[in-house]
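So you can see what is in the structure, the chains are spelled out below.
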Amino acid sequence: MDSDPIIRLEGIAKTYRAGEMEVHALVDVNLTIAKGEMVAIMGPSGSGKSTLMNVLGCLDQPTKGSYRFEGREVATLPRRELSALRLSAFGFVFQGFQLIARTSAVDNVALPLVYAEVPADERWLRAKEALGRVGLAGREAHTPAQLSGGQQQRVAIARALVNRPRLILADEPTGALDTRTSVEIVGLLQSLHKTGITIVIVTHETDIAAYAGRRLVVRDGRILSDEQQAPHDAAADLAGTPERAA
Amino acid sequence: MSAVASIVPLAFGALRRNRMRSALTSLGVIIGVAALILTVASGEGSKAVLEEQLATLGTNLLIVLPGSSTLGGARGGPGTGKPLTYADLLAIAKGTSAARYAAPLDRTVVQVVLDNENWLTTVYGSTPDFFAIREWTIANGRTFNSAESDSGAKVCVLGLTVATQLFGDGDPLGQLVRVRSMPCEVVGVLASKGQSSQGQDQDDLVVMPWVTFKSRMMSQDRVHVGSILVSAVSPDEVSHAQTQVTGILRQQHRQPDGDLDDFTVRNLADLAATQEKAADAQTGMLRNVSAVSLLVGGIGIMNIMLVSVTERTREIGIRLAIGASENKVLLQFLVEAVVLSAAGGLIGIGVGIGGAVVLASVMGWPFVLTPVWIFVAFGVSMAIGVVFGFYPARKAAQMNPIDALRFE
Chain S
1052 MDSDPIIRLE GIAKTYRAGE MEVHALVDVN LTIAKGEMVA IMGPSGSGKS TLMNVLGCLD
1112 QPTKGSYRFE GREVATLPRR ELSALRLSAF GFVFQGFQLI ARTSAVDNVA LPLVYAEVPA
1172 DERWLRAKEA LGRVGLAGRE AHTPAQLSGG QQQRVAIARA LVNRPRLILA DEPTGALDTR
1232 TSVEIVGLLQ SLHKTGITIV IVTHETDIAA YAGRRLVVRD GRILSDEQQA PHDAAADLAG
1292 TPERAA
Chain H
56 MSAVASIVPL AFGALRRNRM RSALTSLGVI IGVAALILTV ASGEGSKAVL EEQLATLGTN
116 LLIVLPGSST LGGARGGPGT GKPLTYADLL AIAKGTSAAR YAAPLDRTVV QVVLDNENWL
176 TTVYGSTPDF FAIREWTIAN GRTFNSAESD SGAKVCVLGL TVATQLFGDG DPLGQLVRVR
236 SMPCEVVGVL ASKGQSSQGQ DQDDLVVMPW VTFKSRMMSQ DRVHVGSILV SAVSPDEVSH
296 AQTQVTGILR QQHRQPDGDL DDFTVRNLAD LAATQEKAAD AQTGMLRNVS AVSLLVGGIG
356 IMNIMLVSVT ERTREIGIRL AIGASENKVL LQFLVEAVVL SAAGGLIGIG VGIGGAVVLA
416 SVMGWPFVLT PVWIFVAFGV SMAIGVVFGF YPARKAAQMN PIDALRFE
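Chains as they are written, first to last, in my numbering: chain S, 1052 to 1297; chain H, 56 to 463.
Hint data in this document are derived by calculation from the structure and do not stem from the laboratory. Keep in mind that a hint or two might mislead.
[What the hints assert, rightly or not] Just some of the chain H residues that point at chain S, by a computed CB distance under 7 Å: (1) SER61; (2) PRO138; (3) ILE377; (4) ALA379; (5) ILE457; (6) ALA459; (7) ARG461; (8) GLU463.
[Claimed, not checked] Reference listing, derived: stretches of chain S covered by chain H, where coverage requires no fewer than 3 residues with Cβ under 8 Å from a Cβ of chain H: (9) 1196–1206; (10) 1273–1280.
Only a predicted model underlies this, so the values are computations on that prediction, with no experimental measurement involved. For glycine and all other residues, C-beta sits at the position ideal for the given N, C-alpha and C.
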């Protein structure tokens, strides 16, 4: 069913209980994302953008509403099937990199393949190839502590794409990085987007959102605005600025 | 590729990243298993010594003692009641199919003299079967034969202690010693049995033919027998022989049914069983103590695994977020716990065996360890890993990935 959008949210609501209080993180979200889009989700903290991200990534389940991923209803799937879906279809990039400490880059990248029960030699080849795609060839044996922040985020991106996902979800991927490294990382995501992977970035930085073709603004659990835009080209922007010493 | 095979390397990786903690966690199991192996081995070793000592008494041995009398409420010891007779002995020898040997035994304490040397010892009067029943072997010379035994020849066999005391390094064979007033030719020296389990010197004795003993030491009384030794054909036949001997003696003594036996048949196997039971009880108690220390080791593993799960919350969050199933996270932590406890078990077995070998040489008993205990110890340590690893592993597997990722 190629005509299905990759994501279709209808009437999604998410309510948390915090003690006596009920927190309405998402109130009524309707959203459709087509295959091959690159979408930035913006909003101040507490707006519900992280909750939206978690729902999109099947890390969290909505209280109400329908979530169709590639035409399949996933809002009510059991935990086991959600993790299988995350493993086979999604790639995650987090703000804090979230790599496993004291573990080599190649082992970090290969981790999803372990859970997918890919044979060891194929795992190693694919992890090495993914590290090459993010520009870290030759750093396979480095542990996170031996890598800079930008390099760690590249390892995380390699891990997100090693399983050949249809959707990459990046939660504040540049939150812990300096401006130039941030543009490099977004450029990397842009290049993955060009290979046909749908990409959703959650960010509170307008500069970063400018590299996406569509910009959503979330406030108080609702989508406030939804605009198509002409994306900046990270490669071109980087060409204009002098490279800093690593 | 099977799920288990893919997860095991992850577990080993996690343990390698925390070498020190892994080693310390295993320590509880190491100590518990080592204690278990040590207890079992020392129990088996001391039991082997006990059995060896009991064997020197003569296996399959029954001792028949005369009954005791009761006079005005005061009970006498053996010998105060109806005495045993040589006819009783013959009846037992003839009528007991479960017995291989039967021999009379009388004894007295006598000064034995050789020239200027003398020595106070116990002199036994018996028949050649005595040596077979008590499993004495000859170190030098021979025992007296049936002809000498029946005719009351003046020959005797010395225990090693007596031979050494009287002759020193000299050869006693063919020499004459005086037992009380009777000169007696030494025809043999017995091989040493050493000390009994009660600490008596079993080699301090002289044995002569029963007829000689009764006529020369005991004023010509050739009717009464102090006690009768009976040896069953096999250990399994001891109680059968006991029943037969009892029946024959009741018949010999013309005891009506319902009367108490006017003699006693003592079974050394019973004595051995009692001693072994006492030793087993002691070993069993120690084994329980080591089982408790294994339990403590297991709780130690659970404790550390729980700490580890908390400390690695973010790591668990990452694994769950990128799509690890609950089962695989559970499996990883379970494998970690089992590897820790099984490794602890293996090391503990090694330490326990090493300790048991050292203890055996210090205590002077043989190193004995039934191999099944090694498998039991290993199996128990594996089981500890599974049982005490399960709760922490389940806790890890059931984490919410979002909360786990945000955990500081």
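Now for the hints, and whether the structure bears them out:
1. SER61: holds, 5 Å
2. PRO138: Hint violated; PRO138 of chain H Cβ to chain S Cβ min 88 Å, cut 7 Å.
3. ILE377: holds, 5 Å
4. ALA379: It holds, given that the least Cβ distance between ALA379 of chain H and chain S is near 5 Å, below 7 Å.
5. ILE457: For ILE457 of chain H, the interface hint holds, since the closest Cβ of chain S sits about 5 Å away, which is under 7 Å.
6. ALA459: violated, 10 Å
7. ARG461: violated, 9 Å
8. GLU463: violated, 10 Å
9. 1196–1206: violated (count 0)
10. 1273–1280: Coverage by chain H is violated here, the residue count being 0 at a Cβ distance below 8 Å.
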